[in-house]
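S.K.: Protein chains in written order, with my numbering: chain A, 1 to 358; chain B, 1 to 183.
Just so you know, the hints here were simulated from the structure itself, not pulled from any lab data. Among these hints, one or two may not hold up.
[Said to hold, decoys possible] Computed beta-carbon distance windows for the label pairs:
id, chain 1, residue 1, chain 2, residue 2, range
1, B, A113, A, L80, 47 to 57 angstroms
2, B, F52, A, L294, 24 to 34 angstroms
3, B, E5, A, F309, 48 to 58 angstroms
4, A, G34, B, Y178, 31 to 41 angstroms
5, A, I118, B, D45, 30 to 40 angstroms
6, A, F100, B, A113, 57 to 67 angstroms
7, B, K8, A, L27, 26 to 36 angstroms
8, B, K8, A, F100, 40 to 50 angstroms
9, B, D45, A, K82, 37 to 47 angstroms
Nothing here was measured: the structure is a model prediction, and the numbers come from that model. Cβ atoms here follow ideal geometry from the backbone N, Cα and C, with glycine treated the same way.
Spelled out, the chains give:
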Amino acid sequence: MMTTLTLVQKIQESLAHDLWVSVGLLLLGLLCLGAFVAGLGLVLVYVERKVAAHFQCRLGPMRVGWHGVLQTVADGIKLLLKEDIVPLQADKMLHVLAPFLCFLATLLAIVMIPFSPIVQLADCNICILYISAVSGLGILGILLGGWSSNNKWSLLGAMRAGAQMISYEISATLAALVIVMFSGSLRLSQIVLSQHSGWWIWRAPGVGLIAFLIFLIASIAEINRTPFDLPEGESEITGGFHTEYSGLRFAFFFLSEFINMFVVSAIGVTLFFGGWMPFHIGNWQAFNNIMDVLPALFWFLVKTGTLIFFIMWFRWTFPRLRVDQLMRLEWKVLLPIGFVNLFLASFMILGRLYFFPI
Amino acid sequence: MNLSEFFKKIISGVISLGKGMRVTFYYLVHPKTVVTQQYPENRNDLKIFDRFRIRLTMVHDEHGFHKCTACTFCEQACPNGSIRVYSQKGKTSNKTELNSLIWKMDRCTFCNACVIVCPFSVLKMTTEFENSVFDRRLLAVNLTRYSGPTSQVLMKVADTEERRKLIEPRGVYDGEVYLKIKK
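Okay, chain A solo, but in the shape it has when bound (with noise of 0.2 angstroms):
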């Protein structure tokens, strides 16, 4: 079995011997992360514009660039100069604080993710429970800034938010209880190491693509996008706990919004679609070969690139739900079938149903 440093274990080693090798290292670490998400940020926000255009027959940003390949970067620059606007009566710390918070918990998030078996920022033995805990750091951001901005609509988009991302987080940890309880970890790259003969949508008959279903449609909802986009509600609540945000401090709310669509995403593929991974049928022994050709890296991008899209197309059909449906859908609905699978699938364990068995 493969063993690899992450960052953070190399850090701890140089601490010892020298300072400033680990210094180093660290800032290297922060700088390679902040430039990705940055990077990230503005190719999802173009591609998200794209792909909504063309779900709508329409074209999307076509002047700043080609086929407004530069349309992100001039928006961003919009909104570093725009003027940031913070309410008289707002509470003034926390409405600072709250777009920082949400923009946190999804960095944090981010740290764990296995792209390829050499890079990962940190590994732990508890990361699903991790990124569990974090996930709610979110929501803390979410209902500051809501709280903070003294304003009705806020407020009501933040107590949505937290009643939403609460209520799912359950489903989302159930589903992925099923993945650990078949691995026999919680560590991700772990996870992805037992999925050497196959990935676990598949190798759990059945158990698994339901697993897969509700950690998809509790993660979406988590992450607030439509379907379950009620925090923000454009037509309802005029954008939610967002609406008093201006400039920089939105572009923050917003550019969370799209990485935690990736950390979904990507850990979505880590628990159900092998990781980094690549595709293999059986004993077609040349296919398998030329497969193994392509990195790990890619493998992992394209996998958690099809989820992005994937929920992009859900936000650019489904119309969004009402608050009462919402939670019906998560305490009736999900939750219940959630609850079976979790049994069925340790049964599935103890009598060893599910396909090449450890």
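Mind docking chain B on chain A? Use the hints.
M.R.: This is chain B only, laid out in the frame that chain A set:
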């Protein structure tokens, strides 16, 4: 709610969501469904729809005559008074004839009522849409090219010289347009 009903509802819900997703995916993979027009670039081969209504004009025949009898139906049909018909007594006959027809584009709602109501189909909406001007006063225009009787009356006069005596040419900004009104 029993269990089979529960699953039936879920499955029918998923199927209807799938139908919606098929529709949007069809739009995504068929770029020909895009309706956006890149306006300044495609100015030469711009396709404008027939029912597009922007500029009101008056139909003049090949001799430059119109059929307007100054009946003021269009003026009465106009919901906000953006059309005004000015008539005069004819030079030789005592019949009413058109002096000028003023159309104020800045207040027009492009409702097409004047076109529908016209008994002789004199008025027509055209698709000429680049009408920006720097002065609002330029938006009130006179639609007729001459003041005088209708083409039917004029064509009865055989001599062209005689015809010319009956009519008086009118420019776009002749008559009671904003430009002529003193403050």
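S.K.: Cβ-Cβ distance between K8 (chain B) and F100 (chain A): within 40 to 50 angstroms?
M.R.: Since K8 (chain B) and F100 (chain A) have Cβ atoms about 47 angstroms apart, the given range 40 to 50 angstroms holds.
S.K.: Taking 48 to 58 angstroms as the stated bounds, is the beta-carbon spacing between E5 (chain B) and F309 (chain A) within them?
M.R.: About 34 angstroms separates the Cβ atoms of E5 (chain B) and F309 (chain A), which means 48 to 58 angstroms is violated.
S.K.: Are I118 (chain A) and D45 (chain B) spaced within 30 to 40 angstroms by their CB atoms?
M.R.: At roughly 54 angstroms between Cβ atoms, D45 (chain B) and I118 (chain A) fall outside 30 to 40 angstroms, so the hint is violated.
S.K.: Does the Cβ distance between F52 (chain B) and L294 (chain A) fall inside 24 to 34 angstroms?
M.R.: 52 angstroms, violated
S.K.: Verify the CB-CB distance for G34 (chain A) and Y178 (chain B) against the hinted window 31 to 41 angstroms.
M.R.: 60 angstroms, violated
S.K.: Confirm or reject the claim that K8 (chain B) and L27 (chain A) have a C-beta distance inside 26 to 36 angstroms.
M.R.: 58 angstroms, violated
S.K.: So the hint says 37 to 47 angstroms: do the beta-carbon atoms of D45 (chain B) and K82 (chain A) match that?
M.R.: 38 angstroms Cβ-Cβ, so the 37 to 47 angstroms window holds.
S.K.: Taking the beta carbons of A113 (chain B) and L80 (chain A), is their distance inside 47 to 57 angstroms?
M.R.: 51 angstroms, holds
S.K.: Do F100 (chain A) and A113 (chain B) keep their Cβ atoms within the hinted range of 57 to 67 angstroms?
M.R.: Holds, since F100 (chain A) and A113 (chain B) (Cβ atoms, about 58 angstroms apart) stay within the stated range.
In this structure, the hints that do not hold are numbers 2, 3, 4, 5, 7, in rising order.
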